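Visitor: If you read the sequences in order, they're chains A and B.
If you use this note's numbering, the first sequence corresponds to residues 1 to 373, in order.
If you use this note's numbering, the second sequence corresponds to residues 1 to 115, in order.
No wet-lab data here; the hints were simulated from the structure.
Everything numeric in this text was worked out from a predicted model, so none of it was measured.
Treat each hint with caution, since some may be false.
[To be verified] For lysine-lysine, the following DSBU-like pairs were computed, each having C-alpha atoms within a straight-line distance of at most 30 Å:
1) A/Lys340 to A/Lys350
2) B/Lys97 to B/Lys87
3) B/Lys110 to B/Lys75
4) A/Lys56 to B/Lys87
5) B/Lys97 to B/Lys18
6) A/Lys56 to B/Lys18
7) A/Lys56 to B/Lys75
8) A/Lys307 to A/Lys350
9) B/Lys56 to B/Lys110
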Amino acid sequence: MRALRRFLARLSAPLTRQQQEQRLREEFDEHIALLTEDNIRSGLSPAEARRRAVLKFGSLEAMKEVYRDQRGLPRLDALASDVVFGWRQLKKHRASSVAAIASLALAIGATTAAFRLVDAVLLRILPVAEPERLFFLATTFVDREGVPDYRDDFDYPTFRRYRETVGDRADLMVVGMTARQDVTFGAADETEKVYRQYVSGNLFGVFGFQPHLGWLLTPNDDLTPGAHPVAVLSYDYWTGRFGRDPGVIGKTFHMANDRFEIIGVAPRGFTGTEPGEVTDVFVPAMMNVQAINSPGWSWFRIWVRPKPGVSPEQGRLPLQAAFIHEHREHLKEFHSDTPKQVIEAFLGEKILFLPAAAGASRLQRNTGALCSS
Amino acid sequence: MKEKTDVRQGTLALMVLKTLDVLGPLHGYGIARRIEQISGDLLSVNQGTLYPVLLKLEQEGAITSEWGASENNRKARFYRLTRAGRKQLQAETRQWKQTAAIIGRFFTVKGEDLP
Numbered sequence: 001m002r003a004l005r006r007f008l009a010r011l012s013a014p015l016t017r018q019q020q021e022q023r024l025r026e027e028f029d030e031h032i033a034l035l036t037e038d039n040i041r042s043g044l045s046p047a048e049a050r051r052r053a054v055l056k057f058g059s060l061e062a063m064k065e066v067y068r069d070q071r072g073l074p075r076l077d078a079l080a081s082d083v084v085f086g087w088r089q090l091k092k093h094r095a096s097s098v099a100a101i102a103s104l105a106l107a108i109g110a111t112t113a114a115f116r117l118v119d120a121v122l123l124r125i126l127p128v129a130e131p132e133r134l135f136f137l138a139t140t141f142v143d144r145e146g147v148p149d150y151r152d153d154f155d156y157p158t159f160r161r162y163r164e165t166v167g168d169r170a171d172l173m174v175v176g177m178t179a180r181q182d183v184t185f186g187a188a189d190e191t192e193k194v195y196r197q198y199v200s201g202n203l204f205g206v207f208g209f210q211p212h213l214g215w216l217l218t219p220n221d222d223l224t225p226g227a228h229p230v231a232v233l234s235y236d237y238w239t240g241r242f243g244r245d246p247g248v249i250g251k252t253f254h255m256a257n258d259r260f261e262i263i264g265v266a267p268r269g270f271t272g273t274e275p276g277e278v279t280d281v282f283v284p285a286m287m288n289v290q291a292i293n294s295p296g297w298s299w300f301r302i303w304v305r306p307k308p309g310v311s312p313e314q315g316r317l318p319l320q321a322a323f324i325h326e327h328r329e330h331l332k333e334f335h336s337d338t339p340k341q342v343i344e345a346f347l348g349e350k351i352l353f354l355p356a357a358a359g360a361s362r363l364q365r366n367t368g369a370l371c372s373s
Numbered sequence: 001m002k003e004k005t006d007v008r009q010g011t012l013a014l015m016v017l018k019t020l021d022v023l024g025p026l027h028g029y030g031i032a033r034r035i036e037q038i039s040g041d042l043l044s045v046n047q048g049t050l051y052p053v054l055l056k057l058e059q060e061g062a063i064t065s066e067w068g069a070s071e072n073n074r075k076a077r078f079y080r081l082t083r084a085g086r087k088q089l090q091a092e093t094r095q096w097k098q099t100a101a102i103i104g105r106f107f108t109v110k111g112e113d114l115p
């Protein structure tokens, strides 16, 4: 109790610092004066009396230090003087202070907004049918340092082969990476930025989505390279950009070298397949014309939904067999002096089905949210 | 001339309280002088210790202080015992007596007293 009271008193000390200093000085002066008087009374000259008094009193400064340490909380005092110093500096350099405060405010605001978005999107399960039966493909490899890793981006020729291999055991989907792109709506000259995602025509159907407005992409919108300039808007983008105007269907926009027609609005709550990324516009994979027939141009993930009654492993095994078969073919091109363990590691690579219930992203991978099985 | 000793750590606070209890409000210098006098000038009160102790006691609420006029009409800060200080004095006095008694028994003990 006593310690608490002392602590509170010490805490409040800095507030009345000036008064305290004043009091201290007066009290010490008084002490020395009284001591001097006593010395004079005992027969010393005034000068000698004062000298002895000061001597007996001891080093004034050292004592003040002890006294101050007892009085306040030294660290708090130091902090307070730091704050005062900082404030003076701020006032001295007004322009740069304003700039610093403004940029801090902006940064904090932006970070908060980004965090809220990521938090909401990362933790949200995709609003699709049977999310637990949704996977994305990944292939394992061992990197130069011997650390196991996986890659999950593919090119379109590979996608075609895998689709053939899997046959009717599962639906394979192209899920592009969300990217920023310039668009111009209608005849306007002004360029806007949208987040565009290439997806295969079967995606919305496999997800079990119904359009909020108009139509969604179908496999028929994804047959011939460059022949399907149609687009589906996300619900959020439709809300933010068009104020939920139903008249948006049939409008066109210019993107890359094509003029796309808006055919529908995706269901509410579907913001894209990649946590932390929000898609504004979905367009058919076939519209990424140059990439379609380019082996080694990896630009999307492959998502898998096993057909009803087919287990994920039943879907995976044929792919694994084809994968290793391709590896053996590839092995023929290896140098004859390739170390044995490199060959073994190469043939030990696997194709995996990783869960995609909450979407798939580099973000999750970086935060270690996934573990390969 | 007798050698003066410094006040032992921890005992000065008790001496201050007792002095104020007996003599009423006093300024710092007065307290120092009185303690030296009461001890028969065996003690020398170091001012560097006295004022921090006064402050500590004041923070604990055992004493309060206010400005007043000294005997020759100078401005001086007077310290006064509070009710809490009086209680503290009683408690500490009891403890001291107890401690002193125990130490005393140790000093007087003889071998044959113990079974």
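Visitor: Given the hinted pair B/Lys110 and B/Lys75, is their alpha-carbon gap at most 30 Å?
Guide: The hint is violated at about 56 Å.
Visitor: Quick one, are A/Lys307 and A/Lys350 close enough, alpha carbons at most 30 Å?
Guide: It holds: about 22 Å lies between the C-alpha atoms, which stays within 30 Å.
Visitor: Does B/Lys75 lie within 30 Å of A/Lys56 when you go C-alpha to C-alpha?
Guide: 21 Å, holds
Visitor: Holds or violated: B/Lys97 and B/Lys87, Cα atoms, limit 30 Å.
Guide: 15 Å, holds
Visitor: Taking only the CA atoms, is the gap from B/Lys97 to B/Lys18 under or equal to 30 Å?
Guide: 14 Å, holds
Visitor: Mind checking the alpha carbons of A/Lys340 and A/Lys350 for me, to see if they're no more than 30 Å apart?
Guide: 18 Å, holds
Visitor: Can you confirm whether the C-alpha distance between B/Lys56 and B/Lys110 stays at or below 30 Å?
Guide: Distance of about 42 Å is beyond 30 Å: violated.
Visitor: Straight-line Cα separation of A/Lys56 and B/Lys87 no greater than 30 Å?
Guide: 33 Å, violated
Visitor: Between A/Lys56 and B/Lys18, is the straight-line Cα distance small enough, at 30 Å or below?
Guide: The given pair, whose Cα atoms are some 24 Å apart, holds under the 30 Å limit.
Violated hints, listed in ascending order, are 3, 4, 9; each of the other numbered hints is respected by the structure.
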